[in-house]
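Chain by chain, the residues run as shown.
Protein chains: 2
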Amino acid sequence: MPAEFSPHYGTIVIWAERSDSWQYGGYKAREAFAKVINAIAKDEKVIVLCSFQQYDNARKMLDSSVKIVEMSTDDAWARDVCPTFVVDGKGGIRGNDWGFNAWGGLVDGLYFPWDKDNRVARKVCDLLDIDCYNKRDFILEGGSIHSDGEGTIITTKACLLSEGRNPQLSQAEIEQKLCENLGAEKVIWLENGIYNDETNEHIDNICAFVKPAEVVLAWTDDQTDPQYKMSKSCLDILENSVDAKGRKIKVHKLILPKPITITKQECDGLDLCDGEPTRTEGERLAGSYVNFYISNNSIILPAFGVPQDEQAKKTILEIFPERKIVQIYARDILIGGGNIHCITQQIPQYNK
Amino acid sequence: MPAEFSPHYGTIVIWAERSDSWQYGGYKAREAFAKVINAIAKDEKVIVLCSFQQYDNARKMLDSSVKIVEMSTDDAWARDVCPTFVVDGKGGIRGNDWGFNAWGGLVDGLYFPWDKDNRVARKVCDLLDIDCYNKRDFILEGGSIHSDGEGTIITTKACLLSEGRNPQLSQAEIEQKLCENLGAEKVIWLENGIYNDETNEHIDNICAFVKPAEVVLAWTDDQTDPQYKMSKSCLDILENSVDAKGRKIKVHKLILPKPITITKQECDGLDLCDGEPTRTEGERLAGSYVNFYISNNSIILPAFGVPQDEQAKKTILEIFPERKIVQIYARDILIGGGNIHCITQQIPQYNK
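The listed protein sequences correspond, in order, to chains A and B. Going by this note's numbering, 204 is the number at position 200 of the first sequence; the sequence numbering is gapless. Going by this note's numbering, 221 is the number at position 217 of the second sequence; the sequence numbering is gapless.
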């Protein structure tokens with residue numbers, strides 16, 4: 005599995021529509037999604053999956069270079085429902101089609117049903133004319149793993165060992181599945197992710213590879229914040245780990261935004277999900293700058309309209325001096341439960 | 005507009021599902037469609053457009069080389085709703101996105117609504133990453149025109165001058181639109197097509213180019229058949245026409261199947277359309293062997309289980325000695341109102 009910072013053929017995004025995930029029938033999220041898509045489209049091919057109903061609208065809002073393809077989905081989390089692509093080093097590519105159960109199925113999943121999402125990976129492989137490994141018996145989302153492209157995977161126990169995914173498998177068995185299917189040799193297990201992250205704490209909201217043996221980690225110095233202990237635990241593990249090649253891992257701390265809570269007005273903009281509100285006024289959202297996306301020439305970085313936005317941008321610029329930093333106001337994506345990384349999936353470069 | 009007998013990049017087919025067009029919820033039609041698709045797939049890339057609901061089923065029934073793409077449609081007539089492709093002779097290609105109103109709109113159209121069908125052409129161009137000419141103000145179906153690839157178009161007045169399409173345009177204006185948008189110089193106008201053909205008598209059921217200045221014409225010697233006068237009229241016009249290059253046109257008569265009528269059992273297998281039966285027991289269907297498809301190495305020719313099947317095959321073999329003749333039992337396609345040519349649309353070869 006190539007690292008995200010390796011060259012891409014392109015990026016897949018799913019158009020936001022679901023009115024219990026996104027305010028005002030998806031209206032505000034679509035504005036933010038369009039900015040993300042059009043920014044990535046400056047660097048590489050973007051394929052946007054969307055419904056019949058939104059096709060014309062997406063066509064109007066997106067650059068003409070963006071390829072729009074109709075596809076049924078249950079929501080808009082390309083990271084978690086698209087294939088995880090693996091390459092053979094000779095220009096060949098395949099997609100892994102994991103099982104998807106909406107982040108926990110009947111145990112603690114976030115919506116029901118999820119059958120459309122579970123069919124996306126296979127259909128994306130068909131679309132790209134590439135072969136697909138059917139791995140639907142193993143529940144995994146793309147947002148729960150990061151690869152350095154050199155044999156190391158990072159993930160969180162909170163997510164991968166959760167009851168709602170693969171409770172019949174031990175940690176060792178899950179590790180073996182990851183290594184086998186991703187061509188990896190080592191898995192670094194963090195305990196947890198971001199506080200109140202409803203994905204059971206995906207890795208992609210707390211920690212990401214920026215180059216081999218180098219990561220960013222979402223960080224707060226506020227010891228009264230429940231996040232402090234969680235980030236500190238990650239730091240301790242990372243500082244005491246070596247990667248698949250035996251290298252120590254350099255950790256860049258990336259400031260967290262001040263705690264972001266959802267307002268009454270925002271809650272009112274969300275339709276009910278199965279008769280219940282999706283969010284409650286004052287609920288803390290799992291905001292994190294680590295949820296950026298690396299496109300071929302840029303870093304697409306969330307902004308939240310808080311003082312930490314500038315500092316986060318500065319840190320990222322220092323880490324990626326060769327890339328352009330495109331910071332996009334992403335509160336309307338965060339309300340859906342994830343951020344820019346969660347709504348993207350890279351397709352590594354390959355020989356068509 | 006290249007001729008169908010020129011080299012193809014591939015073929016588009018739409019999967020049959022509509023239960024008022026196709027017996028038993030589309031079950032029998034899908035068996036026939038699968039045979040057609042898998043036969044063409046031996047020669048060239050086939051792209052099958054289908055709904056979310058039928059995707060897995062189509063994947064099971066179709067060869068693995070067939071590319072399946074989800075797309076919303078109102079029915080399964082790729083010929084009439086896909087783009088008409090035009091090329092520039094330098095490897096470039098564009099799609100013409102005509103207006104589609106279900107063969108006559110509110111005047112004498114065959115179903116309502118048709119908004120999904122009307123969006124297919126644009127989406128197919130997006131899918132192929134090619135540009136699209138928006139010609140939706142002009143109502144035209146692919147089945148109502150044939151091109152020799154050398155500047156000549158044949159069509160029928162019965163269809164193109166029908167009240168339900170472009171009543172505001174004169175014959176001369178329609179001819180001009182065809183020439184402009186298809187890169188043609190001459191239109192040969194036949195008066196009519198096949199008896200009881202509910203498309204207002206599409207050209208592709210009565211007459212087709214088999215090479216420049218050479219056509220097949222659906223024919224019966226039975227002067228008591230209302231079709232006799234119609235075919236004779238076409239013959240007279242063709243024999244008294246020259247093509248865009250001034251050549252006389254050689255006409256191969258292609259026998260018609262004996263009149264085919266729909267049975268009570270077949271009618272019972274069709275759901276109601278807007279509260280009314282689609283077909284009536286004993287109704288004559290517009291069966292014709294001219295409704296074949298030319299793939300890169302083969303002719304995909306309908307069979308109806310009647311004695312004329314063999315003779316039609318013999319004639320086609322004489323006309324296309326260099327191609328394989330694949331004859332497929334197509335009564336279950338005919339019941340939907342068209343045949344093998346109607347469910348296909350060729351994509352000419354181009355530089356990707």
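Misleading hints may appear alongside valid ones.
For identical chains, the list gives no copy identity; a pair is met inside one copy or between any two copies.
[Said to hold, decoys possible] Distance condition first, Cα-Cα at most 25 Å in a straight line; then the derived DSS-like pairs of lysine-lysine: (1) K252 with K71; (2) K64 with K139; (3) K262 with K249; (4) K139 with K71; (5) K139 with K328; (6) K254 with K49; (7) K254 with K94; (8) K32 with K356; (9) K249 with K215; (10) K39 with K181; (11) K71 with K120; (12) K161 with K236; (13) K71 with K356.
Hints listed in this document are in silico derivations from the structure and should not be mistaken for laboratory results. Quick caveat: nothing in here was measured; it's all calculated off a predicted structure.
Now the hints, each set against the structure:
Taking the closest pair of Cα atoms, K252 and K71 never come within 25 Å of each other, the shortest separation being 41 Å inside a single copy and 45 Å across copies. Only between protomers do K64 and K139 lie at most 25 Å apart by alpha-carbon distance; the minimum there is 18 Å, versus 36 Å within a single protomer. Proximity of K262 to K249 under the C-alpha cut-off of 25 Å is found in neither arrangement, the shortest distances being 36 Å within a copy and 76 Å between copies. For the identical chains of this complex, K139 and K71 are inter-copy neighbours only, at 20 Å across copies versus 27 Å inside a copy, given an alpha-carbon limit of 25 Å.
Taking identical chains as interchangeable, the C-alpha atoms of K139 and K328 are never at most 25 Å apart, the minima being 36 Å within one chain and 40 Å between chains. Taking the closest pair of Cα atoms, K254 and K49 never come within 25 Å of each other, the shortest separation being 32 Å inside a single copy and 49 Å across copies. For a Cα distance limit of 25 Å, the shortest separation of K254 from K94 qualifies neither inside one copy, at 30 Å, nor across copies, at 53 Å. For the homomeric pair K32 and K356, neither the shortest alpha-carbon distance inside one copy (36 Å) nor that between copies (36 Å) is at most 25 Å.
In this homomeric assembly, K249 and K215 come within 25 Å of each other (Cα to Cα) only inside a single copy, at 13 Å, whereas the closest approach across copies is 64 Å. Taking the shortest alpha-carbon separations for K39 and K181, neither the intra-copy value of 36 Å nor the inter-copy value of 39 Å comes in at or below 25 Å. For the homomeric pair K71 and K120, the shortest alpha-carbon distances inside one copy (21 Å) and between copies (19 Å) are both at most 25 Å. For the homomeric pair K161 and K236, the shortest alpha-carbon distance inside one copy (15 Å) is at most 25 Å, but the shortest distance between copies (79 Å) is not.
Taking the closest pair of Cα atoms, K71 and K356 come within 25 Å of each other both inside a single copy (17 Å) and across two copies (15 Å).
Hints 1, 3, 5, 6, 7, 8, 10 from the earlier list are contradicted by this structure; the remaining hints agree with it.
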